[in-house]
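In order, the protein sequence lines correspond to chains A and B. Each residue of the first sequence is one higher than the one before, counting from 1 in UniProt numbering. Each residue of the second sequence is one higher than the one before, counting from 1 in UniProt numbering.
All the given hints hold, so there is nothing to weed out.
Here's a subset of chain A near chain B, in silico, CB distances under 10 Å, partners left out:
(1) Val73
(2) Tyr75
(3) Phe78
(4) Phe106
(5) Arg230
(6) Pro282
(7) Phe392
(8) Asp396
Just so you know, the hints here were simulated from the structure itself, not pulled from any lab data. In this text, a Cβ means the ideal position worked out from N, Cα and C, and glycines have one as well.
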Amino acid sequence: MKSLLKFITCGSVDDGKSTLIGHMLYEAKLLFADQERALELDSRLGSRGGKIDYSLLLDGLLAEREQGITIDVAYRYFTTDHRSFIVADTPGHEEYTRNMAVGASFADLAVILVDATKGIITQTKRHTRICALMGIKHLVLAVNKMDLVGFDTDKFDAIKEEFARITTEFQFESIQVIPVSATEGDNITTKSPNTPWYKGLALLPYLENVEVHASDDVKPFMMPIQRVCRPDHTFRGFQGQIEAGSIAVGDELITLPSHEKAKVKRILVTDQDRNSAHAGQPVTIQLDREVDVSRGCVFTKDNQLQEADGFSSTILWMDDSVLTPGKDVLVKVGTKILPGTVTAIKHKIDINTGNTVTADQLVKNELATCEISLSDGIVFDSFEKNKSIGGFILIDRVTNMTSACGVIEEALQSSDREDRNDSEVTRDVRAQQKGQQPLTIWLSGQTDNTALAKEVEKRLVARGYHTMLVDNSLGESVRQLAGYARLLNDAGLLALVPAGSTNGNDQAIAQEIIGQAFLPIEAGASIEEAAKEIVKRVVKALIPDSYSI
Amino acid sequence: MDNLMLDSIDATTHLDQLEAEAIYIIREVAAECENPVMLYSIGKDSSVMLHLALKAFYPEKPPFPFLHIDTTWKFKEMTEFRDRKAEELGIKMLVHSNQEGIEQGINPFDHGSAYTDIMKTQALKQGLDKYGFTAAFGGGRRDEEKSRAKERIFSFRNKNHAWDPKNQRPEMWKLFNTRINKGESIRVFPISNWTEKDIWQYIRRENIDIVPLYFAKERPVVNRDGQMIMVDDERMKLQPGEKVEMAKMRFRTLGCYPLTGGAASEADTLDAIIEETLGAVSSERTTRVIDQEEAGSMERRKREGYF
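Isolated chain B (complex conformation) (with noise of 0.2 Å):
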């Protein structure tokens, strides 16, 4: 053996704890489930998720397939992103749109919380159903949003996808339990524990490659409700009054161009973006549009099956 391999004995830091506990569910997962399959969202989160399905099973490709759920609204440069990673690591990527929806011509602007239902919520059952998948590892954390804390990271699902939070399976130690009836499902949550300054430092000191958007820049936007959204292309209606200006910005979260809101900033490398989250003034999903609704707009979204 190479003498100049390192002797792990450094201590187990924070980071080191929760990557262990991740790779330890997704194994526990791809060793007990029938069917699995990774969900893709192309974000940040995504990113770290796919980072440790293929540590978790080196020098095996991670033995499932990832499904990305594409409402056709998405940042160009998020798709691209996505068929480059697949193609590049020789991984199995699945997308799927709900057919229907692009057909009543469903979109952000006109329909508002429908278009998430229909887009998002429904697509995602489609695509799940679809090919029969009996668990699917979603990148949700615990510190997100009040519903998710209280999330099991092993979440049953009944044969319609809901969420039932008052009758939640006691979830013990290391011991996951898998088992489900035909037609139920298990949406697994292996990095529940992660911050989102664990994600960036994780990232950071695993060189996870992450959509430019996520880095600062010179972009299209319109201010709409005190949030930057960028013109991504010619499908964008602007509403009377706005205009499209040229402006240094970032996005925390990546979602349909539309429904998500960037900020000025000037942070255009990952130690500027640890920087400018370490002293963050606002939580991430401030800038989510989807959840500036009431309180409790989330846990009812989740009950019936969003992710």
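In isolation and in its complexed conformation, chain A is listed as follows (with noise of 0.2 Å):
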């Protein structure tokens, strides 16, 4: 039977990358006839004028027909003699990066395309790391429009020599550089007699032979539970796909947190009975006795695996809004899902030169080494060992969107961690969770404000600020309840101080303790209308910029 290669291009806007996969279909007769027509028929108001424009195979959006550009993963499938194939067209421009690492998440091998008269650009750059960091091993180096140099080869080596200087950091497995002209179909099917000095095969022959699959099969077991599968009482069966190694009936598996041992009775690959299961198959497995284990849980035969309730990590973040350290959100790591928070950026890794940033944020398409913390404890592996258990996405919790993907490096042992650590949680990580400013109002004018106070505090928790009341029945000092009101804004909460009528001089006290989250409120006499005015005046004080009263 014929092997599976998913692979990806990738490379800058006009490197030509839909272009050289449309002509390698046409070329090796992969098309339809009707497909071939309408690409024909399309052409003559494509960019070629009249002549076949290969690259309207692929750019299948409205969009990008209108622009000229592939915005989004574009997927094709074909067979040849040797190999069937599925490929990812993926977008090159900076602004659809996240994209491109869908496409690069999903691939064994990477086609880079380089243009000939440009060499080696910053986007080279990126997307070679890209697909490093989502574990692709394998890459093709192409360099296009080589008919535009005169298949000089002297720029071809230098090209060549420039990408292995860039790839030295990086774990890739295989490496092919191919010179090609994809408008011309120089080395995309056949070898072309334009470049007598290249001496390897030409990019398909390339990738119908390449071997990318290293065998899983020979790890040790590892099987993430997908869900506890129970038709009646007499039945309770573990399914899942196996991600790695194999096992066999009378077994003796590891049941991962619950850590306990138990013995394989039952193994079902789909709805058939078998002695045994390896790597890549779906399964239903029982076992000889009752285990504490539902979704989330690992299988494993010789524990190789860690657990920890927080880890170190590099990510990509795709979200549209900014990360802040403190921000909240829901933490996938195989087929568990639980909440978690971004604790700490460590830095910011230069995705042109891979040197580290120090970095209090991150926007779109940036890479960043960060900490996070989870509300419980996980199993899961390092990326490089175990893909399926070493990836993870971050889920925004309000929105609902992918916002990061994710490789763990290592765990952290809770007292590494910087949410223990107070020198490292500073007053806005806190406040940041909270999604506040931190502020204390402090309410002066009254005898007795108190009752105004809560009214205040009330309307506050109502529209969803976090806030706590200090007490002020007890005849504490100015400094004292400053102090309390300090506290309490580095929790990062909204901190009401029913200061009665404290003077002046009392308030200047105050606000030298608490600084510049101090808010004084000189109370009027209604408590309906001053809760009223007070809040008002307190939202005010929240928007960024109106801050200083």
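Take the two lone chains, each set in its own frame, and fit them into one complex as the hints suggest.
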């Protein structure tokens, strides 16, 4: 039987990716006749003045036809006598980097295009880094538009050399550099007479022969549980896909995180009984005893996996919003999904140089090393060892967008973590977590305005703010009250202080202790109206730029 | 254990990989989505989807119902097949039609693209809303049509069931994001990465029951715009000069009989069909009248909520 190769094409806007794949399909006679007719028809309106515009085969979305660029990942399927292929054509433009990462996450190999007239550019480096991050082990560098540089071998060698230099920091298993012309067809399906100095295979034959599947079967057995199958009280099976290694009836398993041992009683590969099963197969496993296992748990044979409630990782931020430390998210690792917090951005990684840069926030398409803490322990492995439980996504808890993807580097012991370390988690981090600015609402003017403070607090809570009322019934000093308020502000809260009849000097003391979060308010007569007025002022104070009252 | 039982040491094939991917997706939806449904169109892709759902949960029955959007213009053999399979397999089959459309006499002869919108797109939205389904499996494949080639496996829909191709959620590795807010839903395409050829080879390998209309047989047809339209019942409106003739023919896709063109064929076995498909000179959607409109029509329709 034929094997399957999943690959992507990437490069910058004008490198001719769509043209390359379109030409490969066309040349290899892999198109249905009516698609071919439609292509020739479409080309009359295309950009090549009646000559076939191969890119029209792939640029399917209306916006893309209008703008002449590839926005999203397009998947194409073709089969030759040697192999079945799925190719994802990914957008080259910087704005759509996240879509490129989508394509890369699915592929075993990447064909990166460079324009021979321009050489390696910033985007080539970025795409190489994304391919490495997403776990691609095999690269082809297609040096395109060789016809425009007169098939100059020096130009080609210079590009090849520079590419070798920029890929040394990654662990790619194979890299092939091929001189091509996507529009003219050199070295696409057959060796070109224009490049006698190139000794390797043309692109398609290379893709038909390259070996990409390191044997997953020889790794230790590992399977994340997708669901528990309970058709009736007599049957309880655990369903999932074996991600590494193999398992046989009679083998002893370890369940994680419950750490129980049990023997395999029965294996169903889909609906068929089997004596054994291996990586890649969907199975239902019955055990010889009751175990505490549900979705998100993991089966192993010799437990070499890690467990922790936090990890360090490299992430690609993909959301339009800005990421700052303290961001609450949902984290999905394998089949487990649970709440977590991005506790720290350790540093940004410059996509061109790989250099680290300190950063306190991330914007879309930026890479960074981050620490993430979780509401509970999870079972995982480093991405290098086990892609399926070493990669993760972050989901925004409000918009539900997939905001980031990342790869786990190592477990963080609770004591290492920044959220347990007072010197690192600042007032800003805690406030960010609550989505607000800390503030002390210092109410003065009446002998006892506790009732008013309570009313204001009620209204602020109703608006979604996190508050705390300072009890002033025991006759604390101004310094004590201000100290409490400051502590509450450090916790990220809005502190309400019914300060009573404090004078101007008292306020100066309080202001000094509380700092810029201090908001003194002289309360009016009627509680109802005063409360309304105060909430208005508080809300105004919380809107950035109107902070200094 | 029975010693004759096979060890699955044989190399994983292309079809095994596609099957495993689909089963993984179907199980993820069952585990994470609140109220899923599998859309069932009675065609060969639906037969494969149903088969995959049965295999994914075995020995349990699929833990969700199936929904057929009945335009009332399906081939008779299709509805018979649907009812027989549901009964045989003991699965829950829901059928929904747009009653307003029926009352207004909307039909494929007089109403053109409005028919597709009212009896398919609107009916589908009604059906999904009626039962409050939060996730719907569809049998769409990326090799069928250009805009489908770019759609995610988990395709997010807003409250109006609309698709926004420019703002799709990134889909990384196998980490599918099933989170939605109230009123929103997800369309899930487990066989996104299958081609028509894969479908046929899988049907043969798994011995999957399909509607007999796929096999060549003498049928009453009229020739319309170069395609054979089957005269399935007395509602068929003939155009001037059209004559009903018997011809040995078969269908590559199935839909509403007045809109589904068949082709002359001798292929009356699975092997013959595969033989014909492998050497196919036209991709299957050319026989669906709906796709013969200008480029981009399918994308527009999908944005409006068509599956």
